[in-house]
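There are 2 protein chains.
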Amino acid sequence: MFELHPQLAKDGILVGDFRLSRLLLINDKQYPWFVLVPRRPGMTEIFQLDEVDRVQLLKESCLLAQVMTTVFATQKLNIAALGNMVSQLHVHHIARYPSDPAWPAPVWGKAPAVPYSENDRVERIAVMREALTAHLVDGKFSNG
Amino acid sequence: MFELHPQLAKDGILVGDFRLSRLLLINDKQYPWFVLVPRRPGMTEIFQLDEVDRVQLLKESCLLAQVMTTVFATQKLNIAALGNMVSQLHVHHIARYPSDPAWPAPVWGKAPAVPYSENDRVERIAVMREALTAHLVDGKFSNG
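Read top to bottom, the protein sequences are chains A and B.
Just so we're aligned, residue 1 is where the first sequence starts under the UniProt record's numbering, counting upward by one.
Just so we're aligned, residue 1 is where the second sequence starts under the UniProt record's numbering, counting upward by one.
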């Protein structure tokens, strides 16, 4: 059975579920930063998913990337499956700007996370839920 | 027309061409580190590729990842499309080990690159060419 890794549950806030992946907002207001976690137990690498799941993850990643580009008006995304610290397969999607605190370096380990205020968090999640619902093809998005 | 970004040409050594992507070995012997560059001009994000190319990139990425896991006997890969410095779409594939100089941090910006000796470089490329040729389904791999 799929269970979200405790570290991801601590760093992330549930936005909803795609058909395959759980969507989390990372609680760091310095960057618009989302993570997809395929709801398949025991996965640590993308290639371990079966072919159907791989393609579904790609779809969800591209949908998320496209929506983030529009919603956060950015020219650059960083997309990465690292997992050196948290082995459960998860894919980072981060909107980047030349004005952000880590640019042009990757964000990991650069500046300590700055949590959202409750208002900002609620608003960011609401905006993303709305944008994603509108783009979803299969209607299987759930607010989780 | 596709042309490899000069910075990628400088940092990487040609291994060969998959059907979609050019495969480069990054000239840093501290990590087994390869980059896929889809041979499509003007791309900066994965979602900008058309659907056929997206799926082809996924296939090539998973093939490369699987082969790297075996050839370099690692439990962990880092796979990332960043592009903050070099905008041409390229996807890093890095075999990671608890004993490597950046672990558990990402490798970018950690330790200056240490180039391969000519012998080691030639051998690493030969091993990967052989491993990939054996796994290729469509026979379109070329030594470039």
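Do not rely on the hints blindly, as some may be mistaken.
Which copy? The list can't say, so a pair holds if one copy fits it or any two copies do.
To be verified - Calculated pairs, DSS-like style, for lysine-lysine (alpha carbon to alpha carbon, straight line, at most 30 Å): (1) 29 x 10; (2) 76 x 29; (3) 10 x 59; (4) 110 x 10.
Note that these hints are calculated values from the structure, not bench results.
In this text, all values refer to a predicted model and were calculated from it rather than measured experimentally.
(request) Since the copies are identical, ignore which copy is meant and state whether residue 10 and residue 59 lie within 30 Å (CA to CA) inside a copy, between copies, both or neither. (result) Classified as within; 26 Å inside a copy, 33 Å across copies.
(request) Tell me, please, which holds for residue 76 and residue 29 at an alpha-carbon limit of 30 Å: within, between, both or neither? (result) Both, since 17 Å and 29 Å are each at most 30 Å.
(request) Pop the pair residue 29 and residue 10 into one bin, within, between, both or neither, using alpha-carbon distances up to 30 Å. (result) Classified as within; 15 Å inside a copy, 36 Å across copies.
(message) If the cut is 30 Å between Cα atoms, do residue 110 and residue 10 qualify within a copy, between copies, both or neither?
(response) This pair counts as both: shortest intra-copy Cα distance 19 Å, inter-copy 27 Å.
The structure meets every hint from the earlier list without exception.
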